[in-house]
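Asker: As they're listed, the protein sequences go chains A and B. Each residue of the first sequence is one higher than the last, beginning at 1 in the working numbering. Each residue of the second sequence is one higher than the last, beginning at 1 in the working numbering.
One thing to keep in mind: the hints can contain errors.
Since the list can't tell identical chains apart, any single copy or any two copies may satisfy a pair.
Unchecked claim - Straight-line Cα separation of at most 30 Å, DSS-like style, residue types lysine-lysine; simulated pairs:
#1 K256 / K110
#2 K326 / K349
#3 K72 / K349
#4 K348 / K73
#5 K345 / K115
#6 K283 / K153
#7 K12 / K111
#8 K188 / K21
#9 K188 / K256
#10 K144 / K72
#11 K283 / K166
Hints are computed from structural coordinates only; laboratory data are not their basis.
2 protein chains.
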Amino acid sequence: MIINRSIKKVIKVGNIAIGGKNPVVIQSMVKAEAADVSRVLKQITELSNAGCQIVRLAIKDTGDACAFKRIKKQTSLPLVADIHFDYRLALMAVDCGADKIRLNPGNIYKKKEIKEVVSALKSAKIPLRIGLNSGSVRDFSSRKIGMPDKLVKSALAYIKIVEDFKFRDIIISLKASNVLDTVLAYRKIAKLCDYPLHLGVTATGAPYSGAIKSSIALGALLLEGIGDTIRVSLTDNPVQEVYAAKAILEALRLRKFGPEIISCPTCGRCEVNLVKLVSDFEKEVSSLKLKPIKVALMGCVVNGPGEAKEADIGIAFGKKDGLLFKNGKAVRKVPFSGCRDILMKELKK
Amino acid sequence: MIINRSIKKVIKVGNIAIGGKNPVVIQSMVKAEAADVSRVLKQITELSNAGCQIVRLAIKDTGDACAFKRIKKQTSLPLVADIHFDYRLALMAVDCGADKIRLNPGNIYKKKEIKEVVSALKSAKIPLRIGLNSGSVRDFSSRKIGMPDKLVKSALAYIKIVEDFKFRDIIISLKASNVLDTVLAYRKIAKLCDYPLHLGVTATGAPYSGAIKSSIALGALLLEGIGDTIRVSLTDNPVQEVYAAKAILEALRLRKFGPEIISCPTCGRCEVNLVKLVSDFEKEVSSLKLKPIKVALMGCVVNGPGEAKEADIGIAFGKKDGLLFKNGKAVRKVPFSGCRDILMKELKK
């Protein structure tokens, strides 16, 4: 099965193209205050090293906007200015070199203000993200409607205003704080417009369950071909957001970042410490730039040989020894104690 | 949005009903060797305390089968015997009081053997899981077919054999080691038979990406209404499998286990240490038996008041203070330093 992606308009953010047939782009957000330039730059470097392609930064006052300018000069990663409440901060951010502006229709909605921002975006030739959140969406319907419809209707109304100013350099996001509303909102908007979609669940809660919420919502949408860029929001270090995003895209075979590890959950049949081996091996592998090959580390003879054969390199463990497979063929017995070295040697070939 | 579940036959495993309109059941597997009875019992207790409803145990020889009998006598959780290669172990496990037998069609496939096992299951009135795995599925097709079809065809052939012996007390699983094959296989089998489906991805690799793979595959299927019981396979402590399973079911609103926490990812706007607050709060809350209410902990005024209003209890933080919301209404200002105590007090009401 290959995912049949819904093809949207291509929008460029700095040197990164979003939409069309471009690979799904990974974004995250700096969590330090913009004014703390050195901390922001450190976080951007960490995000970039982890695989983040676009970084967003909250601009909450003119001080932040000035800091944004200094930050922009010292980083090559495309920078997005996150603006709420005050449209003049968006104008400043454009002047400071932002690669994209995110406006929240929930708190910047006056036509006159939108017009001024759009005019600045046009001159600077940078795109706009119309970024809605369930926590700030405006209720402009007279009758009670559900959250997905609220988000979609609000987005469509805003798109209409922006399009009336002859601007189509747009990316859309409709983040709800639960999986079901998020999935429904994106499914609806995907059918109604051709702008690329920035996927995310907002306010996901504690990190582990947050990663699970995001995986389900983003995973389900991406499986349906919906989504051009993703941000996994976690109440955690932003680097963790990038790891989660990479794992989601890898699981769906939309992107490849390094070796894919297949390993059994272990059970009473397993006679080696596979949990530790896999955990250590993953840490070692993730810090290296390696080809996206498939490595199977299996604890017994039930599914071990089968998965090991399917992988590029695999070991199916028995009592103490394992049987090494390469490209579908059994090569030789290897001892458990030395198998990590053997794997690393094979990987580096 | 409420998930429209596909209604399957109801199968009972001990006192737990799987299928029909029953809530999705959480399973896991003991990772200790059966012969190590005290370790197995300890793991079963931990799994049960975590929320696991059915536990599986590998029976790899007659010694394990004897141990199974002793274990069964000392636990109230339904126990499933995991059998491979030797059908006589299944017969022994039935005698030892197993609540379900799992057979793998990849390594127990002779009609005569299946007939003997089915006959024992009938007498004992316990069900059979026909559990296929991509690592051990038999290739009985002359032409090349993809993994999902291999799993589905193999399952259907086995079901036919078992049904010919007038036995329909069946649960099916078709686990592949990647998300796409797993989703496709289950989608197909769901249309072709009315037996309840046990969902899982096999050999998921390192714990974090494994949880993400499982979340996507199980999440996408459950969203489509497919799946009656789940097991999240992780190369990790089995208790973690139960936490992941609970988070998946909660995210989809298929089950509720305790307070749902909504919290923002934080950004440059957040002036309190929300990451630590949420992490500590979740730990404290998860050890208590509390009602499944919604708690929002938000770092700023952008989406904070909105999410806090939607929750049963919420705090939207500003500089140092937060605004406490209860049932959609702002109640009073609370200091960051004392907010954990306030939250716990409200939760325990």
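Asker: Does each hint hold? Answer for all of them.
Answerer: Here is what the structure says about each hint:
no.	hint	result
1	K256 / K110	neither (43 Å within a copy, 41 Å between copies)
2	K326 / K349	within (12 Å within a copy, 60 Å between copies)
3	K72 / K349	neither (39 Å within a copy, 50 Å between copies)
4	K348 / K73	neither (37 Å within a copy, 51 Å between copies)
5	K345 / K115	neither (59 Å within a copy, 48 Å between copies)
6	K283 / K153	neither (45 Å within a copy, 38 Å between copies)
7	K12 / K111	within (25 Å within a copy, 61 Å between copies)
8	K188 / K21	both (21 Å within a copy, 28 Å between copies)
9	K188 / K256	both (29 Å within a copy, 27 Å between copies)
10	K144 / K72	neither (43 Å within a copy, 54 Å between copies)
11	K283 / K166	neither (49 Å within a copy, 51 Å between copies)
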